[in-house]
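Residue numbers (the working numbering), protein chains in the order written: chain A, 1 to 290; chain B, 1 to 266.
Simulated from the structure, these hints should not be mistaken for lab results. Hints are not guaranteed to be accurate.
With the C-beta cut set under 8 Å, the calculated list includes, among others, these residues of chain B facing chain A [to be verified]: (1) Leu6; (2) Leu8; (3) Asn9; (4) Phe64; (5) Phe98; (6) Ile245; (7) Leu247; (8) Leu248.
Covered stretches of chain A (in silico footprint by chain B; criterion: 3 or more residues with CB under 8 Å from a CB of chain B, positions within the stretch not fixed) [what the hints assert, rightly or not]: (9) 62 to 73; (10) 89 to 100; (11) 120 to 129; (12) 181 to 188; (13) 199 to 213; (14) 241 to 248.
One side of the interface only, derived from the structure: several residues of chain B facing chain A at Cβ under 10 Å [said to hold, decoys possible]: (15) Phe66; (16) Ala67; (17) Leu71; (18) Ile74; (19) Val75; (20) Ala112; (21) Leu117; (22) Leu216; (23) Pro217; (24) Gln225.
Because the structure is a prediction, the values reported are computed rather than measured. In this text, a Cβ means the ideal position worked out from N, Cα and C, and glycines have one as well.
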Amino acid sequence: MRTIARFLEPDGRFLSHGSVLLLMAPFFALLLFAFLYPMISILSLSVLEPQPTLANYERALLDPIFVGILLRTLEIGLTVTVVALLMAFPVALLMARSSGPKIVLITACIVLPLWSSVLVRTTAWAVLLQRNGLINETLQFLSITDEPLKLLYTRTAVVLAMTHVLLPFMVLPIYGSLKSIPLNYDRAAEIMGAGPLRRLREITIPLAMPGILSGSLMVFLMSLGYFITPALLGSPQEMMVSTLISQQITVLLDWPFGAALVGVLTLFVLAVTLLFGKVARFDRLMGAGA
Amino acid sequence: MNPRSLMLNAYVYAVLAFVMIPILVILPMAFSDTSYLTFPPRGFSLRWFQEFFTNGRWMAAAGFSFAIAFLVAIVTAVLGTMATYAMVRGGGKLASLFQAALVLPIIVPHIALAVALYLFFQRIGLTGTIWAYVLAHSVIAMPFTVFTIAAALSRIDPALENAAMSCGATRFNAFRLVTLPNILPNVLSGALFAFIISFDEPVITYFLAGTRDKTLPRLMFEDIQMNITPILAAIAVLLTALSVIVLLAAAALRRLSQNRAAITVE
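Same shape as in the complex, but just chain A (with noise of 0.2 Å):
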């Protein structure tokens, strides 16, 4: 006989390791045949390929056409962290600052285009960005340009619209850490005679230190292996790392070398990912999307 003593722990926690396993094993499975082993199985692929070899791996990091593609990658990937924190902060900071109906406007902007379809956004985008579109139109509206810049198919296109698809990632964990700074560390400081930009410099931004670095860690390793944006909106001149992989793959069939492009890519988002676990916590990004 089992005893309700032996259900009752103390956390609540009270199921048999038997059952846990059992009723994670269909998740594991998913995420074994549909993530894991395809993963491994690729990976593999970019060393074992016909025999073992880290050729594929030479050419992609020696070559110098693909160590262009790769540090053109992380070049782009850079700028749009740089441009979305920007734009990011003072956002979040208002947030922070606003109540009622404010707020509610400020955070409906910033989440809703998460929840609207990327290629929606690409599309507006490339209607923007045209010849004649409204931009061009603008400009020579004002008389900032004569004749109409080729605005689209340019890093320019690609840096806009991805920023544009990330900047929830960077608002919202910017907006957590300001959230939980005491209001009473800015007013001591205002007390004590600090002036606005000094309060900010010596106060705000170092206490909002680990919501910035999450941020544009995000940010950053998420612009990596953007496919949609460059694909669609990007110089064929200016290729990134993922229309190179799509084109190993698909197109030029060197299954064993795109492989090595998806293993480079993949290894130094983990690693760096693991380096700055702590700070990235992707796990917080969950509550704050929904």
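We have chain A already, so just place chain B on it with the hints.
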């Protein structure tokens, strides 16, 4: 308002304009009478909606995406509830492993997973079938469903289930009759999130597409690449409406669950 705070406000509204303008520009274009996308839209007509709803190619794609998303919602809700229940009530090493495994598909870039699945599913002949999409989308949507369910489950006092069991209920019945009704709103809202994630997912969809059955995002991708017509704007309106409806439904469900939790705690 002092000048500094005025500046902050102006800056923030400029950023919000940057966020909203592309969305606000694309939506009215759906009602344009022209055969190309232009802003401001000229004329007013519903022809592009009509075009979408009468075109077999688009309708088939929308139906296919809908079927995939529906199955993904069910798979993630069922597997997610089971695993989350085990995590919250079981604890231990497996729970930590589960949490670590859960975030992996978020960290690994979708392009990497998409290409890996493309090669694997092709090898075992799953490419082009609905199950290829359902399995792949379930993996990437699962974390969002689990966190929604976990939020509700951790609020429920395990003593309630213990009480039911001490009155003679089996554990399954205690879960089904006591716990499940309390977390059901969150399970449903998690399933709705999974639905939207799957329905909108462009990258994995792009690589898994067979020649015959295409998803809505895949068809949109091709149209953006080939010729942008106002039909894309009409789809944008429909997708935005769908997202808003689903988000409102999910929020309403979560509110319901919070009210119930409040009652349970009292």
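Against the structure, the hints come out as follows:
1. Because the beta carbon of Leu6(B) sits about 12 Å from the nearest beta carbon in chain A, more than 8 Å, this interface hint is broken.
2. About 6 Å separates the beta-carbon of Leu8(B) from the nearest beta-carbon of chain A, less than 8 Å, and the hint is met.
3. The interface hint given for Asn9(B) is met, as the beta carbon of that residue sits about 7 Å from the closest beta carbon of chain A, less than 8 Å.
4. Residue-level restraint check for Phe64(B) is violated (minimum Cβ-Cβ distance to chain A is 16 Å; threshold 8 Å).
5. Hint status for Phe98(B) relative to chain A: holds, with the closest Cβ pair at about 6 Å, below 8 Å.
6. Because the smallest distance between the Cβ of Ile245(B) and any Cβ of chain A comes to about 11 Å, over 8 Å, the interface hint for this residue is violated.
7. With a cut of 8 Å, the hint placing Leu247(B) at the interface with chain A holds, because the nearest CB-to-CB distance is about 6 Å.
8. About 11 Å separates the beta-carbon of Leu248(B) from the nearest beta-carbon of chain A, more than 8 Å, and the hint is not met.
9. With 0 residues carrying a beta carbon less than 8 Å from a beta carbon of chain B, the region 62 to 73 of chain A misses the three-residue requirement, and the given coverage is violated.
10. Counting residues of the region 89 to 100 of chain A whose beta carbon lies closer than 8 Å to any beta carbon of chain B gives 4, which reaches the threshold of three, so the coverage claim holds.
11. Check on the region 120 to 129 of chain A: 9 of its residues sit with their Cβ under 8 Å from a Cβ of chain B, so the three-residue criterion for coverage holds.
12. Interface restraint, the region 181 to 188 of chain A with chain B: violated (0 residues with C-beta to C-beta distance below 8 Å; minimum three).
13. Counting residues of the region 199 to 213 of chain A whose beta carbon lies closer than 8 Å to any beta carbon of chain B gives 0, which falls short of the minimum of three for the stated coverage.
14. Against chain B, the region 241 to 248 of chain A contributes 3 residues with a C-beta closer than 8 Å to a partner C-beta. That satisfies the three-residue criterion, and the hint holds.
15. Here the hint on Phe66(B) is broken, as its CB sits about 14 Å from the closest CB of chain A, past 10 Å.
16. Nearest Cβ of chain A to the Cβ of Ala67(B): about 18 Å, over the 10 Å cut. The hint is violated.
17. Taking 10 Å as the C-beta cut-off, the interface hint given for Leu71(B) is violated, the closest approach to chain A being about 13 Å.
18. For Ile74(B), the suggested interface contact is broken, since its CB lies about 13 Å from the closest CB of chain A, more than 10 Å.
19. Because the beta carbon of Val75(B) sits about 8 Å from the nearest beta carbon in chain A, less than 10 Å, this interface hint is met.
20. The criterion of a C-beta within 10 Å of any C-beta in chain A is met by Ala112(B), whose closest approach is roughly 5 Å, and the hint holds.
21. The criterion of a C-beta within 10 Å of any C-beta in chain A is met by Leu117(B), whose closest approach is roughly 5 Å, and the hint holds.
22. The interface hint given for Leu216(B) holds, since its Cβ lies 9 Å from the closest Cβ of chain A, which is under the 10 Å cut-off.
23. Taking 10 Å as the C-beta contact cut-off toward chain A, the hint placing Pro217(B) at the interface holds, the least distance being around 6 Å.
24. A cut of 10 Å between beta carbons decides the hint on Gln225(B): the least distance to chain A is about 6 Å, and the hint holds.
Hint compliance for this structure: hints 1, 4, 6, 8, 9, 12, 13, 15, 16, 17 and 18 are broken, all remaining hints hold.
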